[in-house]
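The sequence shown runs 1 to 271 under UniProt numbering.
Hints were generated in silico from the structure; no laboratory data involved.
Note that the structure is a prediction, hence the values are computed from the model and not measured.
Hints may contain errors.
[Stated by the list, open to error] Simulated restraints on C-beta separations: (1) A130 with D212: 33 to 39 Å; (2) A164 with A39: 43 to 49 Å; (3) M46 with V131: 24 to 30 Å; (4) R153 with R193: 17 to 23 Å; (5) R42 with K20: 39 to 45 Å; (6) V162 with E133: 19 to 25 Å; (7) P83 with V131: 35 to 41 Å; (8) K20 with S161: 39 to 45 Å; (9) R233 with A154: 17 to 23 Å.
Cβ atoms here follow ideal geometry from the backbone N, Cα and C, with glycine treated the same way.
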Amino acid sequence: MALNRTRPSDRPDDARQGMKNLPAHVAIIMDGNGRWATARGRPRWMGHVRGAHTVKEIVSHCARLGIGQLTLYAFSSDNWKRPREEVGFLFDLFASHLERQLTSLIKHGIRLSIIGRRDRLPSALVEAIAVAEARTAAGRRMHLRVAVDYSSRASLQKALSVAAAVTPVDEVALTGETILPPVDLLVRTGGERRLSDFLLWECAYAELAFLDVNFPDLAMSELDAVFTDFSRRERRYGAVPAQELAEDAEVTAVPAAVPAARPVAHAHRKL
């Protein structure tokens, strides 16, 4: 399906037009920055720079739509396998982006949280994260989470260790700092069809949308098309679809009471 590349509207009514039942929690795997740059004969770092602009657009657009929670996969624990120079550039870019966008986040009531390990991050980035989280803590319009040095399996292991004292270990015991609210819609760009160790527990009933477009080229109109498709789906959580229930009810409905039949008169035989 061909989609027109448009800039997001500045008016909430325009952004919401034609979309109902939007997801409360959207998660995005931002894949394809490097491929975007390579396809244009440019160094990979330029793809990350362009991707940072796309992040800004997505955050603004989702806030206008009224989406309450947005979680972005920025750097997985497996990404340490990338060249050291690229990793260092990513962290510098993230720190500078935090500093530049902090005022805007506060102004628009967006709370920022970083999920993942921090003990391996550069000290300057850790400090920038702490400042940004503290200064945006009062935001209520949207909760923006960015996953950095993140592994869902590691988060689950941590949650299990914390909940080990609870018997039995159930979903309530696991829910806490390391487990996020359930994801309603997961979007992945870049053409891959996998979760890559991202929010495995939280995506148990998430609707999945895999887009072939590389992340820097993701237009808000394409994201809106995904939201519109989501709004048309019937989320059953393992139950029977409402339409099938209605059809079954018609078939198995108990018929109205049948008037009692008149007794049959029997002729008496003479002996």
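The hints, checked one at a time:
| no. | hint | verdict |
| --- | --- | --- |
| 1 | A130 with D212: 33 to 39 Å | 37 Å, holds |
| 2 | A164 with A39: 43 to 49 Å | 48 Å, holds |
| 3 | M46 with V131: 24 to 30 Å | 28 Å, holds |
| 4 | R153 with R193: 17 to 23 Å | 19 Å, holds |
| 5 | R42 with K20: 39 to 45 Å | 40 Å, holds |
| 6 | V162 with E133: 19 to 25 Å | 21 Å, holds |
| 7 | P83 with V131: 35 to 41 Å | 29 Å, violated |
| 8 | K20 with S161: 39 to 45 Å | 41 Å, holds |
| 9 | R233 with A154: 17 to 23 Å | 31 Å, violated |
When held up to the earlier numbered hints, the structure conflicts with 7 and 9 and fits the remainder.
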